[in-house]
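Enquirer: Kindly generate the complete structure, drawing on both the sequences and the hints.
These protein sequence lines map, in sequence, to chains H and X. So the first sequence is numbered by our numbering: it starts at -11 and just counts up by one. So the second sequence is numbered by our numbering: it starts at 2 and just counts up by one.
FYI, nobody ran anything at the bench for these hints, they're computed from the structure. The model shown is predicted, which means the values in this text are computed figures rather than measured ones.
Sample of chain H residues at the chain X side, in silico, Cβ under 8 Å:
hint: 1; residue: VAL14
hint: 2; residue: GLU15
hint: 3; residue: GLU41
hint: 4; residue: PHE43
hint: 5; residue: ALA113
hint: 6; residue: VAL116
hint: 7; residue: LYS168
We put the CB at the ideal spot given by N, CA and C, even for glycine.
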Amino acid sequence: MPLNTTDADLLPGCRSGDEAAWRTLVERYTRKVFGLAYRFTGKAAEAEDLTQEVFVKVYQTLHRYRETDGPFGAWLMAVARNHAIDHYRRGRQERMRRSEDPFVLETAPSGDEHPIAELEREERAKLVHTGLRSLPPDLRTPLVLCDLQGLPYEQIAAELQLPLGTVKSRINRARLELAKRLLRRRADLVGDAS
Amino acid sequence: MDHRRAEELFSDHLEGTLHAVLRAELERHLASCASCRRLHEAVSAVVAELRAAPELEAPAGLAERAALAALRAPRVVEIRPALTLPPWLQAAAAGFALIALGTALAVVGPERPTRAAQRLVAETATVSSSLLERKDRLVEDVRLLGVVLSTAFEGRIEKVGERVQDYKRLLERRKASPPAEPKQGESARPRDPAVAEAFRTGMAKHS
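Expert: Following this line, the structure appears as structure tokens:
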């Protein structure tokens, strides 16, 4: 499949059962979908399952997508987000707080940062993302939608079917929780150093 | 302003959506409270970190597994009904057509109907009433089947069993109170008020 093939070029083939076209499309979006799923679930295995479910759903509903709905990638990510939200709702009662080992995150390029500053930044990034995964789903989900997906509060409230005030309060509480962990960790490091 | 109230306002403050009066009050508090100031800075750092989060790498082979999972999944076939009318409306229309037929027979029938004709009208009305009741049950069955299928389709396998149990319980309840069967030769009165009225009017005309 040529590298410059667009989604629009691939879609007719996908709809008519062209497996190569479908594989190319899935390859193109797997990273994004997995990233979203992992942010939602905080577990690599669960995120993999969710990613597969999203692509099954997308494949089964390809005929519903119209070019007038906007770019295909945006439509696919909306399907993925809705599926992740459904997953969150289904598991609301069942899920427990996680205690998994930290997942290896890609870190932002460091440039010419001072080695100590770089270490601090890496430590902070690790703490924030580990903390995010250990938040209860009721706090993590609105925070992911807000700060990682960039959705406005009103849309988050609509998608989670929660009052706007509840959404804002949960996002603030989630941020505070992560900030407090960051401060505690800093205090521990200072204590160790002295 | 106390610490707790200050914390509640951090996100609004960072996003610039705080009312001017509250903002001034919070900033006064932050200027005088070192612990809240540190926490405010930490919240700001958390938000910046989350918003700058790079994309995660997907595990090796996930794209291939996801593509295959979709290809192997059963295709969804959308069944379009030949008629645009919903099934409950079709069943109701059939029931009312029978009632109308019975009524018409009574109205335009002979001046002095025979006993056999009277019995025919009564039985037609009773059958109509029974049909309407069966239609209600059929609609309920279809609805429950839809719930089971959609639960299975959403992958909530653990819930499918519960839905099937619900349906079994419903069937048991029905066994306890079966629909009234019209008996041959029985001049039963229909239970549907509209049917009863049509029946009464029709019979009165011939009495």
